[in-house]
Amino acid sequence: MSALQAAVLVLVAGGATAVVLTRNPTRQVVLLSAYGITLALLFTAFQAPDVALSELTVGTVILPILLLVALAKVRRKEE
Amino acid sequence: MHVFPFVVVAWIILVGLYGIVTSRHLVHLIVCLAVVQSATYVLLLGVGYVSRGAAPYFSDIALHSRAVDPVVQALTLTDVVVEAAVSALLLAIAVQTHKRFGTLDPDELKELQG
Amino acid sequence: MTPGLRRWTFLVAGGGLGALLVWGFVGLPGFGHYPGPYGDLLNSVAVGQRHATDVVTAINFDYRGFDTLGEEFILFTAATGVSIVLRELRRERERTAVDEAAGREAPATSDAVRMACLVLVGPTMLVGWNVVSHGQVNPGGGFQGGAIMATAFVLVYLSGEFIALKRLSPVHLTDAVEAIGAGSFAALGVAALALGFPYLDNILPLGTSAGTVDSSGTIALISFFVGIEVTAAFVLIVGELLEQTLLVRGDR
Chain A
103 MSALQAAVLV LVAGGATAVV LTRNPTRQVV LLSAYGITLA LLFTAFQAPD
153 VALSELTVGT VILPILLLVA LAKVRRKEE
Chain B
331 MHVFPFVVVA WIILVGLYGI VTSRHLVHLI VCLAVVQSAT YVLLLGVGYV
381 SRGAAPYFSD IALHSRAVDP VVQALTLTDV VVEAAVSALL LAIAVQTHKR
431 FGTLDPDELK ELQG
Chain C
20 MTPGLRRWTF LVAGGGLGAL LVWGFVGLPG FGHYPGPYGD LLNSVAVGQR
70 HATDVVTAIN FDYRGFDTLG EEFILFTAAT GVSIVLRELR RERERTAVDE
120 AAGREAPATS DAVRMACLVL VGPTMLVGWN VVSHGQVNPG GGFQGGAIMA
170 TAFVLVYLSG EFIALKRLSP VHLTDAVEAI GAGSFAALGV AALALGFPYL
220 DNILPLGTSA GTVDSSGTIA LISFFVGIEV TAAFVLIVGE LLEQTLLVRG
270 DR
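Chains as they are written, first to last, in my numbering: chain A, 103 to 181; chain B, 331 to 444; chain C, 20 to 271.
Worth flagging that the hints you see were computed from the coordinates, not collected in a lab. No residue lacks a Cβ here, since even glycine has one placed at the ideal position from N, Cα and C. Please note that a few of the clues may not be correct.
Beta-carbon label-pair distances, calculated as ranges [to be verified]:
id, chain 1, residue 1, chain 2, residue 2, range
1, B, S395, A, T128, 22 to 30 Å
2, B, D435, C, L137, 23 to 31 Å
3, B, S381, C, S102, 20 to 28 Å
Some residues of chain B that are not near chain C, with every Cβ distance over 10 Å (derived) [said to hold, decoys possible]:
id, residue
4, H355
5, L363
6, Q367
7, T370
8, E438
9, L439
My request is simple: use the sequences and hints to build the entire structure.
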């Protein structure tokens, strides 16, 4: 196992911990986006470019957009 | 060293479960569920990795060179896209819950009223 | 159960689960020592048999095409589920989102954001289409390309032009496109049945050489249909959630 893969694995573990320990949902969405990028790096290091492409579009762009729209909807009702 | 990726997978699963169990906001819970799902992707790709293997695309490498397992990659990539759609469904349910009960705190949603 | 007690219970149970997981993982062959025959076998025969240099896409749409059909129907059902869950309740006044948006003044999007988003819509669509159509040659395929094309639609919304988004993708058209995508995948399988082959067999001509866009028979066609289905599903989901932010709620 190369040093690059080990380093990115540590980054992914740290990223997951950071995403879970953030309680504010809006901040968590930004962290989820960054976590998606580290996952895409991990998948590229594991020689899986197809999966990295999937993760990059879905986990970094589409899922955070869905979350932000749902949060905006919830906040609007609270006004 | 040969078991380090799987230790990371176990760590991510436990951390994600901790987030789900101690969550105070339904959207936070859905994001933690997404984190647990990402652990399964890492597990699948870790199982299929071949040392010093290349990606299984033979348009620019020689035909019988060493490549990693393509089957787990096929499983994982459909999984990633489908997971987002299922998370969207969970979000829709959370939005309706807020509309109906006025709160998104799982502790306050204990009683199911008609 | 108080939060503190819940946390301690989880730590005990989580410790047990963690130990079980690590014990299980230690029994695996080890990272990098892949033993199984299936992957190596597919790597050596897929290019010759299907004339597709992208083995992962060949597996997705040909060797294990039936699993992909199931996954695509999960996507389809999730999009339908979002539409159903977010349907208008009896007590809500019904006004279409376009009327509501026209009357309400939107906060002014900054010009830099508008310019950047509108400029990127065309190239994103093109890149997505490239990824979908070259699925059998390079990394890509229906799922990834569909997600990229859906992002192009979302960029229209992000630039502040919600009304334009609603006109570009009315619900009926998006529903129809999604249904066509999912149905055509299943129909291609039935077409193989009608010609006397097994379901979802690769019946179209395989092309002259591997690694060109018109090779690999039904794989390219299925990739196209999956691409439009994924795009339509995500545009539908985002549209339904956005529509929700503009519905007016009646008195409770």
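Results of checking the hints against the structure:
{"no.": "1", "hint": "B:S395 - A:T128: 22 to 30 Å", "result": "violated, 47 Å"}
{"no.": "2", "hint": "B:D435 - C:L137: 23 to 31 Å", "result": "violated, 40 Å"}
{"no.": "3", "hint": "B:S381 - C:S102: 20 to 28 Å", "result": "violated, 47 Å"}
{"no.": "4", "hint": "H355", "result": "holds, 14 Å"}
{"no.": "5", "hint": "L363", "result": "holds, 14 Å"}
{"no.": "6", "hint": "Q367", "result": "holds, 13 Å"}
{"no.": "7", "hint": "T370", "result": "holds, 12 Å"}
{"no.": "8", "hint": "E438", "result": "holds, 13 Å"}
{"no.": "9", "hint": "L439", "result": "holds, 15 Å"}
In this structure, the hints that do not hold are numbers 1, 2 and 3, in rising order.
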